Amino acid sequence: MFYLGVMLPLWSSYLVKVYAWKLILAKEGIFNWVFEQLHLTPVLDAVLSIPVIGGNSLSVSYVGTFLVFTYVWLPYMILPIQASIERVPANLIDASADLGASPLKTFRHVIFPLALPGIVAGSIFTFSLTLGDYIIPQIVGSSRLFIGQAVYAQQGTAGNIPLAAAFTVVPIVIMGIYLWGARKMGAFDAL
Amino acid sequence: MRSDAPRASLPLKLAAGAGLAFLLLPLLLIFVYAFTTEEKSFQWPPPGLTLKWFAVAWGRPDVWAAITLSVQVAAISTLIALILGTLCAAAVSGSKFFGREVISLLVILPIALPGIVTGIALRSAFNLFEIPFSFWTIVLGHATFCIVVVYNNAVARFRRTSGSLIEASMDLGADGFQTFRHVILPNIGTALLAGGMLAFALSFDEVIVTTFTAGQQQTLPLWMLEELIRPRQRPVTNVVAMVVVLVTFLPILGAFYLTRDGDQIEGTGVGVSHTHRISFREQNQ
Numbered sequence: 004m005f006y007l008g009v010m011l012p013l014w015s016s017y018l019v020k021v022y023a024w025k026l027i028l029a030k031e032g033i034f035n036w037v038f039e040q041l042h043l044t045p046v047l048d049a050v051l052s053i054p055v056i057g058g059n060s061l062s063v064s065y066v067g068t069f070l071v072f073t074y075v076w077l078p079y080m081i082l083p084i085q086a087s088i089e090r091v092p093a094n095l096i097d098a099s100a101d102l103g104a105s106p107l108k109t110f111r112h113v114i115f116p117l118a119l120p121g122i123v124a125g126s127i128f129t130f131s132l133t134l135g136d137y138i139i140p141q142i143v144g145s146s147r148l149f150i151g152q153a154v155y156a157q158q159g160t161a162g163n164i165p166l167a168a169a170f171t172v173v174p175i176v177i178m179g180i181y182l183w184g185a186r187k188m189g190a191f192d193a194l
Numbered sequence: 263m264r265s266d267a268p269r270a271s272l273p274l275k276l277a278a279g280a281g282l283a284f285l286l287l288p289l290l291l292i293f294v295y296a297f298t299t300e301e302k303s304f305q306w307p308p309p310g311l312t313l314k315w316f317a318v319a320w321g322r323p324d325v326w327a328a329i330t331l332s333v334q335v336a337a338i339s340t341l342i343a344l345i346l347g348t349l350c351a352a353a354v355s356g357s358k359f360f361g362r363e364v365i366s367l368l369v370i371l372p373i374a375l376p377g378i379v380t381g382i383a384l385r386s387a388f389n390l391f392e393i394p395f396s397f398w399t400i401v402l403g404h405a406t407f408c409i410v411v412v413y414n415n416a417v418a419r420f421r422r423t424s425g426s427l428i429e430a431s432m433d434l435g436a437d438g439f440q441t442f443r444h445v446i447l448p449n450i451g452t453a454l455l456a457g458g459m460l461a462f463a464l465s466f467d468e469v470i471v472t473t474f475t476a477g478q479q480q481t482l483p484l485w486m487l488e489e490l491i492r493p494r495q496r497p498v499t500n501v502v503a504m505v506v507v508l509v510t511f512l513p514i515l516g517a518f519y520l521t522r523d524g525d526q527i528e529g530t531g532v533g534v535s536h537t538h539r540i541s542f543r544e545q546n547q
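First to last, the protein sequences are chains A and B.
Heads up: the first sequence begins at 4 in this note's numbering, then just goes up one per residue.
Heads up: the second sequence begins at 263 in this note's numbering, then just goes up one per residue.
No lab work stands behind these hints, which were simulated from the structure alone.
Treat the hints loosely; a few may be bogus.
[What the hints assert, rightly or not] Cβ-to-Cβ under 7 Å is the rule here; a few derived chain B residues that face chain A: (1) 285; (2) 291; (3) 303; (4) 306; (5) 377; (6) 378; (7) 386; (8) 467; (9) 469; (10) 483; (11) 486; (12) 506; (13) 514.
[Said to hold, decoys possible] Derived CB-CB ranges, DEER-like: (14) A:180 - B:362: 20 to 30 Å; (15) B:364 - A:92: 29 to 39 Å; (16) A:55 - B:299: 37 to 47 Å; (17) A:54 - B:326: 41 to 51 Å; (18) A:54 - B:299: 32 to 42 Å; (19) A:107 - B:368: 42 to 52 Å; (20) A:107 - B:286: 26 to 36 Å; (21) B:341 - A:108: 47 to 57 Å; (22) A:110 - B:317: 49 to 59 Å; (23) B:273 - A:42: 20 to 30 Å; (24) B:509 - A:180: 35 to 45 Å; (25) A:90 - B:360: 30 to 40 Å; (26) B:274 - A:148: 37 to 47 Å; (27) B:477 - A:148: 22 to 32 Å.
Please read all numbers here as calculations on a predicted model, not as lab measurements.
All C-beta atoms, glycine included, are put in the ideal place defined by N, C-alpha and C.
With the sequences and hints as input, model every part of the structure.
Shown next, in the form of structure tokens:
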């Protein structure tokens, strides 16, 4: 059941998810309404007044962009981590507990190091997907361009495909370095 | 093993529940908004509930055109992906040859790379060969990443299907086609069906690559994107979004149950090949 609960948002339409967040973050939407009911509107206003990440409302601020990115790519992080935690041998956890470690210590020294490749593998997906996305920052976010938007603007309205292609080299190089590092940490074995 | 595992503690359960709520509540919210009477804004809580937007959405020809195009594109690219992906998986898992690792990397690349890179690459390639943007350029773009899903599913199943089954079939005089039809296909069938369903869902939903490869046509995601940037009738978008959530839920459920059953079939498959091997050994002695 839990697995299905993660799979459903993973496979449901990307645009529908972004759309749902546009509904949530709208000025008259549920997010502001909840803050109002809890009398926390000043807190929200304070966050929004922080120079770079703030904005007029959540749907035109970086805070909103971060929230939507987090939501949309979360299942891509959950599944690899789940797979790698499942592979941690249960007798290691028992041994750690037998030797007197608290659950927190067991997590810190046994489960976490063994699950690390899965976490790195998940971060490959989330990092790559965020890097190439230009739709979320276009719909929820400020007017400053993300790299994907810069590419899209160059090829679309300006018709300058060579420059757009040159821009795409940046994420390719970043991903190359990232994948190389991930490989060193053994993330590919966790996939 | 599993039954020995300790039950999850209460804080862990709460954390997992909160995570699930974070994942699922936004989708449920769309369902509420599909019934709202408010037309101009996204007001919460909705001032009233109505069913009239379903009728309005039903009567909109642009919605129907977008849905039809999306279904056609998804069907054809899934078909292409099923054929090419299975062939690729068979080659990579069945034999060792020069450049095998490179091929398996190249097949997975369209999913690993940001969609915008795939999109730009396809667009400049189409420009270079002076191919006009049409229905078929959308299909080509979708097929590139649909292949990955089918390939991944098929290659995993091939790896777990014992090669001795194929050898046994060949030894018993079946030709290549008969072996494929009666031995390989029943073994990988459920994996292919699951892969095909996921490929269909992926194509039905794809927007980034499509914006680069589509001409004047609007697939359903392109239609939604248009509505998100320049809203015309917000409640109609709500209804369409709700229907999309419901429709994608069905293939996921299907794929989930198919792959689960598939594991059991695969288990018996290994058993069969094992008995084969034992009987061969007995004959030799």
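Hints versus structure:
no.	hint	in the structure
1	285	holds, 4 Å
2	291	holds, 6 Å
3	303	holds, 5 Å
4	306	holds, 4 Å
5	377	holds, 5 Å
6	378	holds, 4 Å
7	386	holds, 5 Å
8	467	holds, 5 Å
9	469	holds, 6 Å
10	483	holds, 5 Å
11	486	holds, 4 Å
12	506	holds, 5 Å
13	514	holds, 5 Å
14	A:180 - B:362: 20 to 30 Å	holds, 25 Å
15	B:364 - A:92: 29 to 39 Å	holds, 34 Å
16	A:55 - B:299: 37 to 47 Å	holds, 39 Å
17	A:54 - B:326: 41 to 51 Å	holds, 47 Å
18	A:54 - B:299: 32 to 42 Å	holds, 39 Å
19	A:107 - B:368: 42 to 52 Å	holds, 44 Å
20	A:107 - B:286: 26 to 36 Å	holds, 29 Å
21	B:341 - A:108: 47 to 57 Å	holds, 54 Å
22	A:110 - B:317: 49 to 59 Å	holds, 54 Å
23	B:273 - A:42: 20 to 30 Å	holds, 28 Å
24	B:509 - A:180: 35 to 45 Å	holds, 39 Å
25	A:90 - B:360: 30 to 40 Å	holds, 32 Å
26	B:274 - A:148: 37 to 47 Å	holds, 41 Å
27	B:477 - A:148: 22 to 32 Å	holds, 25 Å
Every hint from the earlier list agrees with this structure, and none is contradicted.
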